[in-house]
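Peer 1: Here is how the chains run, residue by residue.
2 protein chains.
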Amino acid sequence: MLSFLTFAGVISMENIKIAVDAMGGDNAPVETVKGAVDAVNEFGANIVLVGIEDVIKKELEKYSFDKEKIEIVNASEVIGTDEVPTTAIRKKKDSSIVVGLNLVKNGGAAAFVSAGSTGAVLTGATVIIGRIKGIERPALGTCLPTTKGFVFLLDSGANVDCKPNYLVQFAKMASVYVENVMGIKNPKVGLVNIGVEEEKGNALTKEVHGLLKETDLNFVGNVEAREIPFGEADIVVCDGFAGNIILKFAEGLSTALLKIIKSEITAGLYKFAALALKTPFKNIKKRFDSEEVGGAPFLGLKSLVVKAHGSSKAKGIKNAIKQCTIFVENDIVLKIEEKL
Amino acid sequence: MLSFLTFAGVISMENIKIAVDAMGGDNAPVETVKGAVDAVNEFGANIVLVGIEDVIKKELEKYSFDKEKIEIVNASEVIGTDEVPTTAIRKKKDSSIVVGLNLVKNGGAAAFVSAGSTGAVLTGATVIIGRIKGIERPALGTCLPTTKGFVFLLDSGANVDCKPNYLVQFAKMASVYVENVMGIKNPKVGLVNIGVEEEKGNALTKEVHGLLKETDLNFVGNVEAREIPFGEADIVVCDGFAGNIILKFAEGLSTALLKIIKSEITAGLYKFAALALKTPFKNIKKRFDSEEVGGAPFLGLKSLVVKAHGSSKAKGIKNAIKQCTIFVENDIVLKIEEKL
Numbered sequence: 001m002l003s004f005l006t007f008a009g010v011i012s013m014e015n016i017k018i019a020v021d022a023m024g025g026d027n028a029p030v031e032t033v034k035g036a037v038d039a040v041n042e043f044g045a046n047i048v049l050v051g052i053e054d055v056i057k058k059e060l061e062k063y064s065f066d067k068e069k070i071e072i073v074n075a076s077e078v079i080g081t082d083e084v085p086t087t088a089i090r091k092k093k094d095s096s097i098v099v100g101l102n103l104v105k106n107g108g109a110a111a112f113v114s115a116g117s118t119g120a121v122l123t124g125a126t127v128i129i130g131r132i133k134g135i136e137r138p139a140l141g142t143c144l145p146t147t148k149g150f151v152f153l154l155d156s157g158a159n160v161d162c163k164p165n166y167l168v169q170f171a172k173m174a175s176v177y178v179e180n181v182m183g184i185k186n187p188k189v190g191l192v193n194i195g196v197e198e199e200k201g202n203a204l205t206k207e208v209h210g211l212l213k214e215t216d217l218n219f220v221g222n223v224e225a226r227e228i229p230f231g232e233a234d235i236v237v238c239d240g241f242a243g244n245i246i247l248k249f250a251e252g253l254s255t256a257l258l259k260i261i262k263s264e265i266t267a268g269l270y271k272f273a274a275l276a277l278k279t280p281f282k283n284i285k286k287r288f289d290s291e292e293v294g295g296a297p298f299l300g301l302k303s304l305v306v307k308a309h310g311s312s313k314a315k316g317i318k319n320a321i322k323q324c325t326i327f328v329e330n331d332i333v334l335k336i337e338e339k340l
Numbered sequence: 001m002l003s004f005l006t007f008a009g010v011i012s013m014e015n016i017k018i019a020v021d022a023m024g025g026d027n028a029p030v031e032t033v034k035g036a037v038d039a040v041n042e043f044g045a046n047i048v049l050v051g052i053e054d055v056i057k058k059e060l061e062k063y064s065f066d067k068e069k070i071e072i073v074n075a076s077e078v079i080g081t082d083e084v085p086t087t088a089i090r091k092k093k094d095s096s097i098v099v100g101l102n103l104v105k106n107g108g109a110a111a112f113v114s115a116g117s118t119g120a121v122l123t124g125a126t127v128i129i130g131r132i133k134g135i136e137r138p139a140l141g142t143c144l145p146t147t148k149g150f151v152f153l154l155d156s157g158a159n160v161d162c163k164p165n166y167l168v169q170f171a172k173m174a175s176v177y178v179e180n181v182m183g184i185k186n187p188k189v190g191l192v193n194i195g196v197e198e199e200k201g202n203a204l205t206k207e208v209h210g211l212l213k214e215t216d217l218n219f220v221g222n223v224e225a226r227e228i229p230f231g232e233a234d235i236v237v238c239d240g241f242a243g244n245i246i247l248k249f250a251e252g253l254s255t256a257l258l259k260i261i262k263s264e265i266t267a268g269l270y271k272f273a274a275l276a277l278k279t280p281f282k283n284i285k286k287r288f289d290s291e292e293v294g295g296a297p298f299l300g301l302k303s304l305v306v307k308a309h310g311s312s313k314a315k316g317i318k319n320a321i322k323q324c325t326i327f328v329e330n331d332i333v334l335k336i337e338e339k340l
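The listed protein sequences derive, respectively, from chains A and B.
For what it's worth, the numbering used here labels the leading residue of the first sequence as 1, then goes sequentially.
For what it's worth, the numbering used here labels the leading residue of the second sequence as 1, then goes sequentially.
Simulated from the structure, these hints should not be mistaken for lab results.
Mixed in with the good hints there might be a few duds.
It does not matter which identical chain is used: a pair holds within one copy or between any two.
27 Å max Cα-Cα, derived DSS-like pairs, lysine-lysine [what the hints assert, rightly or not]:
1. Lys133 to Lys69
2. Lys262 to Lys148
3. Lys188 to Lys259
4. Lys163 to Lys148
5. Lys93 to Lys200
6. Lys335 to Lys91
7. Lys67 to Lys188
8. Lys339 to Lys302
9. Lys248 to Lys206
10. Lys335 to Lys278
11. Lys262 to Lys248
12. Lys259 to Lys69
13. Lys91 to Lys200
14. Lys185 to Lys91
Please read these numbers as outputs of a predicted model, since none were measured by experiment.
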C-alpha cells in the first residue's frame, strides 16, 4: 500500500523544527504532547510545542526523551472549534494557533501541525504565512483509502466556490506533493465528474477539463465518484464542496457499512464467526483510520501547515509530524513554485 | 425497513396502464419482458410493452400470463447509451423511448419505465411529457440505503448547475413523493452541506438554507455527508452534481469495501468464517441492491417516468412498475401541484 509512511526517501531530521499546537483537538494536551514525544523517540524529530507552558510541562513530565529535541513556546489562549475563525484569529493573538503560525512565518519552525479548529487553522495560515506566488487559493488535501492503496483528494473542503484556474493549481500542487511525499512518479490526475466523457459535467468541470488537458500533468480525464475507491487515479481534484462531501461520505458510509455487517454477523447463528473476524476487521479499520495517514496538508502556502483530525490521538500527531518532515526535506514549496 | 415496497396503502391496479421500454437496458429484452410478466402475475399490473414487436412477442411466448394484461406497441428503433440524447430524441421518432413517452403524453399509459439511456429518457421526458407548472427543473430521485432504512436523494444527477429555487422545488416534490409513495408522514428534509451550522456552505446552499426555512416543510437543516448513511433525514436535497457524486460514490465505496472485507476474511485462517458469512453477506448485498428499490423517479413532470438502472434484471423492472402504480394511484402529480 502506497503512502507517505512507506516513502523510502532519505530523511534527515537535523535542523528541521516542527511546531505542534499542543492545545488543539479533542484529546489535547494529553495526546498532542504524547505524539510529539513519540516523534522524538521514534524518529528523532525536533519539536516546538506551542501552548500553555505549565500544562505542557506537566504533560512532558510523564515521559523520558532527549530534552534538547523539544522546546516549549508559551501561548496563553486557546481557540475553540465553536469560534468564528476570522474573529478568533484577529482577537486571540496569543492563541496556540496564531503563535504557532507566526513561529513558522518568522523561521522559528519549518511547519505547523494542529488538530484544532479547521477554520481557524486555514484562515490563520493564509493570513499569517501567506500564499505561494501564483496560487490563488491554498487547498486542503486528504488521503482516501482505495482497494489499491490511497488516492489524494484536493480540495477536500477549504474552497467551496471555485474558479476553473483554482482546480488546475490544485492539480499541480497535488502532483508535486504525491510525487515527492508519497513517492509515486508522475502520478495520475483525475477530475471528479459525473461522467467519463469530456463533454460531461457542470460549468466548472467542463472548463477545467479543457485546461487540464493543456498542462504537462499526467491527466487521465474525468473520474466518476464510483471509480474513486478503486484507485484508478493517484490524485482526484474537485472544488472543496464536492471534495468535502466525498471525504465525509466516505467516513460515514464505511462506518455505517461496518455497523450493518456487524449486526448481520452477530445476529443469531453467526456469533462464532464474529469472533474469528476480529483480526480482519481490525485490519480494515486500520485501513480507514485517519491516524495512519497523518494529517491533511494545506497546500499552496509559503510553508507547510498540516491539519490533523480533531479526534487525533498520539499516533495521528506523530504521523503528521513525520509527514511535515518529509515535506520540508523534499523542498515541496520550491517544487510547487517551479511547477506553476 | 421503510420503502415503497412495504407501503401499506390500498393499490387498485384496474385502469392503470404502465408503459415499459422493452428495448432499454443491458439485459433487454429478456429481463424487461420478464419483469413485465412478473408484475402481471404477482400483482395484476396492466402493461404496454414498447419496442420491436416481433422481438417482444418471441419473449412473451416463454411465459404464461393473462393475455389481456399485456399489450404491445411497436417501435422500430432503439436509442443506444452512447448516443447524444438531444439528437437521438429528435431523430429517432420511432424509438421505444420516444414512442413510450408519447403514449404517456396521449393518455395511452399513465407512466413510463425505462432502463435505457438516462440522458435520452430525461431529455425526452421533459420535452415530450412536459413539466408541472411551477417546476423549473424536473429532478431524478434515488433511494440510498441507511442503517435505518432508506434516504431519498433529490436531485441525483439531472441538473448539474442549479439555482436556489430549484432545490426548494426538489424539497417540495420529494416531500410529496416520500409521504405518499413511501408512507412516511411529514418526512424530514435535510440540505446536503459541508457543515451543520446555518452559515456554512457554498453560495448555493447558503441561499437555499434560508429559503427552505420559510417553507412549511419539515426542514431539519443542513446534513453533512457523513450523516447521510445513518438516516437522520428521510430526504436530502442537493444539486445534481453533488447528488450524482453521492449516488455513485455510495455504489463504488460499498462495492470496494465488501471486496476488501472479503479479501481480508478469505486470507489464510479465516476461510471457515467466510463460509458461515455467506448468508449475512447476501442480506447486506440485498440492502444495497438497486433492484430492491425499483427505479429512480423523474419528478416534476405531468406524468411519472421511472428510470430503472441500466443493469436492471426482471426484479428491478417489476419493482419499478409497482412504484409507478403506487405513484399514479396516489395522484402524486396533483399533490405536487398543490404543494407548490
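Peer 1: Give a verdict on every hint.
Peer 2: Taking the hints in turn, this is what the structure says about them:
no. : hint             : result
1   : Lys133 to Lys69  : neither (33 Å within a copy, 71 Å between copies)
2   : Lys262 to Lys148 : both (24 Å within a copy, 14 Å between copies)
3   : Lys188 to Lys259 : between (33 Å within a copy, 23 Å between copies)
4   : Lys163 to Lys148 : neither (31 Å within a copy, 38 Å between copies)
5   : Lys93 to Lys200  : between (47 Å within a copy, 25 Å between copies)
6   : Lys335 to Lys91  : neither (34 Å within a copy, 53 Å between copies)
7   : Lys67 to Lys188  : neither (43 Å within a copy, 56 Å between copies)
8   : Lys339 to Lys302 : within (14 Å within a copy, 53 Å between copies)
9   : Lys248 to Lys206 : both (25 Å within a copy, 19 Å between copies)
10  : Lys335 to Lys278 : neither (44 Å within a copy, 51 Å between copies)
11  : Lys262 to Lys248 : both (21 Å within a copy, 24 Å between copies)
12  : Lys259 to Lys69  : neither (42 Å within a copy, 44 Å between copies)
13  : Lys91 to Lys200  : between (46 Å within a copy, 21 Å between copies)
14  : Lys185 to Lys91  : neither (44 Å within a copy, 48 Å between copies)
Hints 1, 4, 6, 7, 10, 12 and 14 from the earlier list are contradicted by this structure; the remaining hints agree with it.
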